[in-house]
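For the protein sequence lines, the chains are F and S, in the order given. Per full-length UniProt numbering, the very first residue in the first sequence carries number 1; after that it's consecutive. Per full-length UniProt numbering, the very first residue in the second sequence carries number 1; after that it's consecutive.
To be clear, the hints were calculated from the coordinates, so they are not data collected in a lab. What you are looking at is a predicted structure, and each value in this text was computed from that prediction instead of being measured. Using N, Cα and C, we set each Cβ at its ideal position, and we do this for glycine too. Do not rely on the hints blindly, as some may be mistaken.
Here are the simulated distance ranges between beta carbons [claimed, not checked]: (1) Ala311(S) with Lys210(F): 42 to 50 Å; (2) Leu105(S) with Ile40(F): 28 to 36 Å; (3) Phe205(F) with Arg130(S): 48 to 56 Å; (4) Tyr48(F) with Gly39(S): 57 to 65 Å; (5) Leu105(S) with Leu136(F): 25 to 33 Å; (6) Leu129(S) with Ile221(F): 23 to 31 Å; (7) Ser90(F) with Val83(S): 44 to 52 Å; (8) Ser30(F) with Val216(S): 25 to 33 Å.
When the alpha-carbon atoms are kept at most 20 Å apart in a straight line, the in silico EDC-like pairs for lysine to aspartate or glutamate are as follows [claimed, not checked]: (9) Lys284(S) with Asp73(S); (10) Lys256(S) with Asp98(S); (11) Lys284(S) with Asp71(S); (12) Lys284(S) with Asp259(F); (13) Lys289(F) with Asp128(S); (14) Lys210(F) with Asp200(F).
Pulled a few chain F residues facing chain S out of the computed Cβ check, cut under 8 Å [to be verified]: (15) Ala116; (16) Val240; (17) Pro251; (18) Ser273.
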Amino acid sequence: MSAITPTRPSKSPPRGARPPLRKLRSATGSRRVFIHTVLIGVAIVMLYPLLWMLSSSLKPDTEIFTQPGLIPGSLRPENYSEGWSGSGNSFSLYITNSLIVTIGAVIGNVISCSLAAYAFARFEFRGKKIWFGLMLGTLMLPTQAVLIPQYTIFYNLTWINTFLPLIVPKFLAVDAFFIFLMVQFIRSIPRELDQAAMMDGANPFQIYWKIILPLMRPALITTTIFTFIWTYDDFLHQLVYLQQNDKFTVPLGLTLFLDQTSGSSYGAMFAMSTLALLPTLICFLIFQKRLVEGLATSGMKG
Amino acid sequence: MTTAKSDEAVEEQAAPVTPSDRRERDRMRRRLARRRGGGWWPYAFLAPWFVGLFGLTVYPMLASLYLSFTDFDLLTPARWVGVDNYDKMFTEDPVFWDSVHATLLYVVVSVPLKLALALGVAMLLNRDLRGIGLYRAAFYLPSLLGGAVAVAIVWRQVFGGDGLFNDFLAWFGIEGQDWISSPDTAIYTLILLAVWQFGTPMVIFLAGLKQLPKDVYEAAAIDGVTPVTRFFRITLPLLTPIVFFNVVLQIIDAFKTFTPAFVISNGSGGPLNSTMLYSLYLYKKGFTDLQMGYASALAWVLFLVIAGFTAVNFIAGRYWVHYDD
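Given these sequences and hints, build the entire structure.
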């Protein structure tokens with residue numbers, strides 16, 4: 001495994017200097033059209049359910065299942081306001097709760113994982129290989145395997161129905177994936193920088209704080225985005241730890257619609273589903289390139 | 001490490017003669033050793049991780065093992081029952097077997113389909129095309145939304161009786177049905193959801209395809225090798241390390257699936273336990289029925305099964321994964 005470092009998107013060589021293979025491939029224009037057609041077809045299938053959700057969120061209930069087209073016959077934006085004030089609590093409460101949990105988790109992951117990664121990447125110490133192996137091992141451990149004893153721990157701490165079980169573990173670097181990602185990144189930062197700082201009398205913490213952290217910004221941003229999205233969507237833990245309505249997060253708030261939809265508004269449910277996906281969508285649109293490349297280059301090539 | 005070597009060279013030049021020189025040398029050596037090893041510094045940086053590792057992983061694993069041999073409802077102290085939980089699970093719990101059946105079906109069908117689609121699309125995307133970034137983004141987006149409750153809700157409506165999927169079938173004159181509430185088809189809507197989210201392995205395949213040596217393909221082109229042979233004789237063998245990586249990851253992931261099963265069945269695992277994925281059953285036993293001892297036994301079985309699958313993967317991998325070194 002090597003190279004987490006975000007690689008620059010590979011630029012195609014200038015036209016004149018194309019390798020023969022490329023020339024062979026691009027020779028047939030009709031093939032190119034064919035590939036585009038296939039790709040557009042797949043893209044439509046991929047995105048259609050999401051567009052359908054968006055369009056349904058703007059339709060009156062009577063139209064959602066009778067008018068399958070994407071263009072609403074009549075617009076009903078009230079779905080949004082009704083869904084928002086929705087079920088028991090206003091949706092703004094769920095969003096606030098989700099923000100508290102996700103921001104806490106992001107701060108925790110960025111601090112604790114970068115500290116651990118710095119230690120693994122820059123120091124030699126007894127048992128380092130074993131510790132590192134254990135860290136990688138926890139990557140494969142299913143969360144379900146430790147869910148129940150973790151629950152009893154937090155139960156005994158009387159942390160159930162608070163945000164603490166969702167935030168505090170992130171400050172203890174439990175997401176080994178990000179430690180691994182950051183280790184790979186730090187290894188690509190030249191050691192000469194550390195040494196120069198050491199000559200100037202900096203201690204390891206100062207080196208971490210003033211040299212490594214600023215230089216590993218790309219890895220920190222990747223960590224931030226993925227922690228944000230994964231925590232925001234992490235339904236299982238929120239379902240287990242948050243029990244009262246006023247502590248509910250967005251995914252839990254959404255499930256309240258599920259129980260009621262038999263009687264009430266599908267439009268409102270779709271409206272809130274759309275809103276629930278919005279933070280992730282915005283993240284995706286802003287960081288699309290980094291997300292895809294970051295994933296593609298993380299820990300590949302054995 | 002180059003630094004260590006040059007430091008020693010410096011030391012040798014300054015060979016000691018007097019006791020004070022020797023003390024000076026010892027001090028310097030200690031300082032150098034400290035610099036390489038860092039003394040207590042690495043442990044300070046790792047402190048949060050150590051607390052997490054022992055407090056939230058190692059201890060819970062052991063506690064879970066102990067609890068799996070007890071009757072425990074969280075409120076009263078755990079009561080030792082020996083292997084009763086495991087015994088009950090394997091011999092007299094039909095729901096357990098339903099969940100095993102649903103989960104294995106889910107894993108065995110969804111993972112190969114997902115990976116085949118991911119590889120196919122990655123091969124299509126592995127060329128200079130206009131708008132390639134847009135395609136990649138469109139194919140990756142559903143995977144990013146992956147575990148979201150909102151997506152599962154949409155899925156439930158799409159495959160419901162009067163949902164989008166039946167409208168689609170109607171175009172071809174096929175009479176639909178309520179796919180979600182039929183025990184024969186409900187699990188396949190979950191599988192389709194998993195396959196729809198093929199973006200993560202796709203991106204990883206794409207990264208792998210970009211690293212394949214171009215000269216091999218040029219040689220093959222000169223020899224007039226057909227595209228099919230090229231795929232099976234060159235691309236696939238060279239790509240096996242990445243196929244392997246994706247297989248291991250996707251199997252582990254599939255075993256852990258929870259959210260869509262919960263949402264689509266309204267937390268019941270129905271109809272007739274056909275969507276009772278293992279994680280959902282574990283959740284129900286632990287947190288709905290408060291049978292935490294039994295749920296711990298379920299958790300350990302899940303852990304062992306995943307570890308087993310991963311081990312088998314690694315052993316079998318020796319025979320089909322080719323590393324170029």
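Now the hints, each set against the structure:
no.: 1; hint: Ala311(S) with Lys210(F): 42 to 50 Å; in the structure: holds, 44 Å
no.: 2; hint: Leu105(S) with Ile40(F): 28 to 36 Å; in the structure: holds, 33 Å
no.: 3; hint: Phe205(F) with Arg130(S): 48 to 56 Å; in the structure: holds, 49 Å
no.: 4; hint: Tyr48(F) with Gly39(S): 57 to 65 Å; in the structure: holds, 59 Å
no.: 5; hint: Leu105(S) with Leu136(F): 25 to 33 Å; in the structure: holds, 30 Å
no.: 6; hint: Leu129(S) with Ile221(F): 23 to 31 Å; in the structure: holds, 28 Å
no.: 7; hint: Ser90(F) with Val83(S): 44 to 52 Å; in the structure: holds, 50 Å
no.: 8; hint: Ser30(F) with Val216(S): 25 to 33 Å; in the structure: holds, 27 Å
no.: 9; hint: Lys284(S) with Asp73(S); in the structure: holds, 13 Å
no.: 10; hint: Lys256(S) with Asp98(S); in the structure: holds, 16 Å
no.: 11; hint: Lys284(S) with Asp71(S); in the structure: holds, 16 Å
no.: 12; hint: Lys284(S) with Asp259(F); in the structure: holds, 17 Å
no.: 13; hint: Lys289(F) with Asp128(S); in the structure: holds, 17 Å
no.: 14; hint: Lys210(F) with Asp200(F); in the structure: holds, 13 Å
no.: 15; hint: Ala116; in the structure: holds, 4 Å
no.: 16; hint: Val240; in the structure: holds, 6 Å
no.: 17; hint: Pro251; in the structure: holds, 4 Å
no.: 18; hint: Ser273; in the structure: holds, 4 Å
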